[in-house]
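Take a look at the letters that make up each chain.
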Amino acid sequence: MAEKNGAVPPPNLNGISRPGRGSVVVKPKNMKGTLRRLWQLTKGTRKGLGWILLLSAFASGASVLSPYMTGRAVTAISGGDGVAWILLLLAGIYFCDWLVKFLQAFFMAAIGQRMIHYIRKTLFDRMKMLPLSFFDRKRHGELMSRLTNDVDNISTTISNSMTLLLTYGFTVTGIFIMMVALSPLLTTVSLCGVLAIYFLTKTVTKHTRKLFAQQQKSLGALNGQVEESISGLTMIKAFGREEEMAHEFEEKNKELCQTSVRALIWSGYLMPLMNVINNLCYVAIAVFSGVLFVNGTISDIGLITSFLLYVRQFTRPFVEIANIYNNFQTAVAGAERVFEIMDEQPEPADREGALSLSHPRGNIEFCHVGFGYAPERQVLKDISLKIPAGTQVAIVGPTGSGKTTLIHLLTRFYDVTEGCILLDGQDLRDYRMQDLRAAFGVVLQDTALFAQSVRDNICYGHPQADMGQIRRAAETAGADSFIGRLPEGYGTVLERGGLELSQGERQLITIARAVLADAPILILDEATSSVDTVTEQKIRRAMLEICKNRTSFIIAHRLSTIRDSDCIIFIGDGKIAEKGSHEELMAGNGRYARMYRTQTGEMPEPEEKPQGM
Amino acid sequence: MGLIGKYIRRHLGIFMLSTFFLTMEAMADLLQPTFMSYIVDRGIRNARIGQILAYGAAMLGIAAAGAFSAVMRNRFASRTSQTIGRELRQDMYRNVQRLSLENIDRLQPASIITRMTNDVAQIQDFINSLMRMMVKAPITCIGAIALLMIQTPKQAPVMAVILLTVALLVMGNMRIGYPRFGTVQERLDRLNGVSRQFLSSVRVVKAFHAEEEETGKFEAASLGLAAANTLALRAMAVFSPLVNLTVNMGIVLLLWISRNQQSSEIGRLMASVNYMTQVLFAVTMISNTLNTAVRAAASSGRIREVLEEKPAQSVPEDPLMPEIKGDIRFGHVSFSYAGAGKASLQDIDVHICQGETVGIIGPTGSGKTSFVNLIPRFYDATEGKIWVDGCDVTKIDTKLLRSAIAVAPQKALLFSGKIADNLRWGCAQAGEEEVRAAAKAACADDFIRQTAHGYDTLLGQGGVNLSGGQKQRLSLARALLRKPRILILDDCTSALDARTESEVLNRLRQTAGNATVLLISQRISAVMRTDRILCLDNGRVQGFGSHKELLAVCPTYREIYESQIGGGENG
Chain L
26 MAEKNGAVPP PNLNGISRPG RGSVVVKPKN MKGTLRRLWQ LTKGTRKGLG
76 WILLLSAFAS GASVLSPYMT GRAVTAISGG DGVAWILLLL AGIYFCDWLV
126 KFLQAFFMAA IGQRMIHYIR KTLFDRMKML PLSFFDRKRH GELMSRLTND
176 VDNISTTISN SMTLLLTYGF TVTGIFIMMV ALSPLLTTVS LCGVLAIYFL
226 TKTVTKHTRK LFAQQQKSLG ALNGQVEESI SGLTMIKAFG REEEMAHEFE
276 EKNKELCQTS VRALIWSGYL MPLMNVINNL CYVAIAVFSG VLFVNGTISD
326 IGLITSFLLY VRQFTRPFVE IANIYNNFQT AVAGAERVFE IMDEQPEPAD
376 REGALSLSHP RGNIEFCHVG FGYAPERQVL KDISLKIPAG TQVAIVGPTG
426 SGKTTLIHLL TRFYDVTEGC ILLDGQDLRD YRMQDLRAAF GVVLQDTALF
476 AQSVRDNICY GHPQADMGQI RRAAETAGAD SFIGRLPEGY GTVLERGGLE
526 LSQGERQLIT IARAVLADAP ILILDEATSS VDTVTEQKIR RAMLEICKNR
576 TSFIIAHRLS TIRDSDCIIF IGDGKIAEKG SHEELMAGNG RYARMYRTQT
626 GEMPEPEEKP QGM
Chain C
2 MGLIGKYIRR HLGIFMLSTF FLTMEAMADL LQPTFMSYIV DRGIRNARIG
52 QILAYGAAML GIAAAGAFSA VMRNRFASRT SQTIGRELRQ DMYRNVQRLS
102 LENIDRLQPA SIITRMTNDV AQIQDFINSL MRMMVKAPIT CIGAIALLMI
152 QTPKQAPVMA VILLTVALLV MGNMRIGYPR FGTVQERLDR LNGVSRQFLS
202 SVRVVKAFHA EEEETGKFEA ASLGLAAANT LALRAMAVFS PLVNLTVNMG
252 IVLLLWISRN QQSSEIGRLM ASVNYMTQVL FAVTMISNTL NTAVRAAASS
302 GRIREVLEEK PAQSVPEDPL MPEIKGDIRF GHVSFSYAGA GKASLQDIDV
352 HICQGETVGI IGPTGSGKTS FVNLIPRFYD ATEGKIWVDG CDVTKIDTKL
402 LRSAIAVAPQ KALLFSGKIA DNLRWGCAQA GEEEVRAAAK AACADDFIRQ
452 TAHGYDTLLG QGGVNLSGGQ KQRLSLARAL LRKPRILILD DCTSALDART
502 ESEVLNRLRQ TAGNATVLLI SQRISAVMRT DRILCLDNGR VQGFGSHKEL
552 LAVCPTYREI YESQIGGGEN G
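Each protein sequence line maps, in turn, to chains L and C.
Numbered by the working numbering, the letters in the first sequence go through residues 26 to 638 in order.
Numbered by the working numbering, the letters in the second sequence go through residues 2 to 572 in order.
Chain L extracted, bound-state conformation:
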């Protein structure tokens, strides 16, 4: 493969290998439709793309012309004629080739990246509008690889393969015309070579594709095992399972090694065999042209030179085109995965004439609300409930009874499937989504903090808050004292997204965030479950303070914390089982009372089917 001549294809100095070499080809489902949509995404870069494609037509010029000129030069030299002008022309061709390739790559760098950024931005804009159910359903790692790898792949591979395919198309056509013009008979001979190489490539790749798929599978199995045994090392050590795990690892390791070797060896057959065919072709042409030379059919030695140079270049694109096309297919399949996300149903748009909501009073009413994450599994059934403004509501019940779901419906993370929820007498869905969410201050189960300063984390969503407000919010939440102990106080950047803090400290910050938001309705979802009870008491006092004159919802596992709530709702099996104040419910001696006693250790008996020790 080292006998190429004439204009050499640009060497890839940085060794960035194109993806998909020998790897698994994923076929797109709807090539045409996907390409049409991709074309729409090139808006803004189309002009640049047009220029680049035009340049690729020129880029093939050198490959087509230079062997001919070299042949002419050889004829001239062997005939003893002057070669100066021929060589000057050749130099000119090479220079143009350089200029074209440089310009192409230089502009492609900017245009390609602009395209990537545009697609990525479009995807993100779309993603942020998707409902929560989408994020609950998808694995995050998968979504991340859409945002980075897939988008990258789409643009680079598609633009690269497009220019390469064009260049090769022009080159092959150009060379073919030149060859036919020079000698139709010799052209026929070289076509035989191309055919042979085509069949060889097809046979080998058919086989290797399967092998590489196998390799991918064993690699996945091994990676899974490694992940498991490192994240679970404590347990492996505790249960003395080192040998078994190592044995299992060794099996998978061996399997991977074997499949990889097989795949590599098979794919390694291609190049050497192609070399043999190439040489065979070369010799055949030499023999034929020799015969023709003897016959006197050809009198020009330069013609033979040109032809021999053409043959070398003629076969190469055919081998590459198959490869490029595979990459292209994989990239289009990647684009389909990206479009899949773009096609997801976004959160419902605001209704026409949606009401704005600036200072809701906080009267909330649930009217026969039903909801299920999937149609066949109802989580909440026929919930009806009237909550006057300023009421403090506690929601309790066993795990999985639907407490968090109820809250999700209030903030419209999900929409009710039956009935409706009214805020100040209006259906939630009649309000503008933005206003509605601003009406709620939320402290959620997962204490999500951002990799920015503590200060920015507290004023998240309210960037205009000043330092005094931020500090007051932190004080109310009882977070001020520990923030003061951080190396740079409020300016401390949480590099690891808050993982450097304890779970309790993280929760205090999220509470401060909700305090600062100063929303008319507050929601605390197990906000204090990971804080020790002493700290919790402190938070609790603070929350009581800010809950004044506000409608508030508290979900807590520890019943002791919600005893003073105005209204306690016990949710069991998706329905409201009991409702009332602590005293009322205790007097009623129902499920709440039993749960309360179990927790406080007054009555160890479980609720149903009594169990002996």
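Some clues are possibly wrong.
Computed list of chain L residues with no C-beta within reach of chain C, every gap over 10 angstroms [stated by the list, open to error]:
| id | residue |
| --- | --- |
| 1 | Ser91 |
| 2 | Leu216 |
| 3 | Lys227 |
| 4 | Lys231 |
| 5 | Ala311 |
| 6 | Phe343 |
| 7 | Ala358 |
| 8 | Ser409 |
| 9 | Lys411 |
| 10 | Leu453 |
| 11 | Leu469 |
| 12 | Tyr485 |
| 13 | Gly529 |
| 14 | Gly615 |
Using 30 angstroms as the maximum straight-line C-alpha spacing, the simulated DSSO-like pairs for lysine-lysine come out as follows [stated by the list, open to error]:
| id | chain 1 | residue 1 | chain 2 | residue 2 |
| --- | --- | --- | --- | --- |
| 15 | C | Lys7 | L | Lys277 |
| 16 | L | Lys604 | L | Lys573 |
| 17 | L | Lys279 | C | Lys396 |
| 18 | L | Lys277 | C | Lys441 |
| 19 | L | Lys277 | C | Lys311 |
FYI, nobody ran anything at the bench for these hints, they're computed from the structure.
Since this is a predicted model, take the numbers as computed values, not measurements.
All C-beta atoms in this analysis are idealised placements derived from N, C-alpha and C, irrespective of residue type, glycine included.
Fit chain C to the known structure of chain L by using the hints.
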């Protein structure tokens, strides 16, 4: 790089054999243009078909020999690179298993995983390309230059200039291009960071209606990446075509110098042109492999860190093999995590008797988990000593010590495989009945039997297809099945609802037999009924005694009690 050398040396024989075939392959490539020049000069020019056929046959023979060599070296290279990869992975895995948790914390689990997968793949790539190209490229380069000199001796100065220019260009590209690609990697990490944050905090983003803020962050990161990429690609756009241009101009020069050549040596001229392109090809190859080498060097550094990490714990030289009954004594123990400024445990001096059930309670971060982690030697005390049945734990055979202890952690770790196999971790030879009994004791039997295949249901990695409470119950059953002498329950019922929790705890004493039980909990109701309660705060013992005693003498305990149960207590 020394690391790679060490592994290659193990396969030196095959490596040399592969180098031999590689040399053969290069020679075959090098001979082709010379024979081609014979065909042209001696065959075609003189119109001697016999000559053409003879040289043609020789060319084919050489090509076949070259192909054979290529196939052979490919076999050797593939086998060697993959085997070395396998060995590296295995050695790393073995060493990681020997490490203590302190080491793992330092290296970070995610990073170890990347090292075992991606970094090893880099090394494999490098060895593969080393055995394919690295050796071949210089041979081709030198051979091509030598043959060029023989074919057309007048070309020497031209060649020198061209080669020098190409070398300068390659070096320039490395100087300017590589750092730019480094920046690209950094920016890519940042973009990934921003998207990960968005995805994991999407509830908060929506609740605070901060979509615009997040878009701003994402756009900035994306633009930054695009800019860095553009810069890096532009460096490539400048240098790659320049290398081409240089060599192409070399060909023109070559033709110019040979303009007065004897017409009978036209074939030679063609061969020279051919050798020029071979040189170019070889140079490109070298710069490509250099690139892999740079990456492989970084990877091998990261791999070496794992391989050379010494276990932070000492292995007893002459380990004691006592029969472990379950008597635990902490003698003025202090402990701090490596790198942490603050001590997690300070001057702990307690004695837990065999067969006792001890509840451990205290605020978040008070040292409860650190306390129990010292007993099976997940970590070692920084000061003081711990005795189990009168023997210093650091002197006991670690395997024996751990075999007598069972742990159910708060974050239940399960492994892919059948539920029954997961439970049998505790005791491989346990019969079906025993497994069932343990599951029943952990209130897990009911839900296991409701799964599609009961005890044979396959769990995904980390037990992904189970709820938090179900995982905790399986993890508890696994610990119970072990029938340990010391049972450590580290808040392992936190995800259960209160009713199931109390059911589990009620059965516990009976299931545990006369083992020593250490029960960590956040909930006072869970520890109230244990024999004695250890109350920790800020890494110090605040009190150790029965519920009643602690209520009387320990303010911290009383505060926790008040906060959870309040004044309504009556017994």
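Consistency of the hints with the structure:
1. Ser91: Nearest chain C Cβ is 8 angstroms from Ser91(L), so the label is violated.
2. Leu216: 19 angstroms, holds
3. Lys227: 19 angstroms, holds
4. Lys231: For Lys231(L), whose nearest Cβ neighbour in chain C is about 19 angstroms away, the distance exceeds 10 angstroms, so it holds.
5. Ala311: At roughly 5 angstroms from the nearest Cβ of chain C, Ala311(L) sits no farther out than 10 angstroms, so the non-interface label is violated.
6. Phe343: 19 angstroms, holds
7. Ala358: 21 angstroms, holds
8. Ser409: 25 angstroms, holds
9. Lys411: Since the minimum Cβ distance to chain C is about 24 angstroms, Lys411(L) lies beyond 10 angstroms and the statement holds.
10. Leu453: 14 angstroms, holds
11. Leu469: Incorrect as stated: the minimum Cβ-Cβ distance to chain C is 5 angstroms, not above 10 angstroms.
12. Tyr485: Its Cβ does come within 10 angstroms of chain C, the nearest being 6 angstroms, so this is violated.
13. Gly529: 4 angstroms, violated
14. Gly615: 14 angstroms, holds
15. Lys7(C) with Lys277(L): 24 angstroms, holds
16. Lys604(L) with Lys573(L): 21 angstroms, holds
17. Lys279(L) with Lys396(C): Cα-Cα ~37 angstroms, so violated.
18. Lys277(L) with Lys441(C): 34 angstroms, violated
19. Lys277(L) with Lys311(C): Holds - the C-alpha atoms of Lys311(C) and Lys277(L) are around 26 angstroms apart, at most 30 angstroms.
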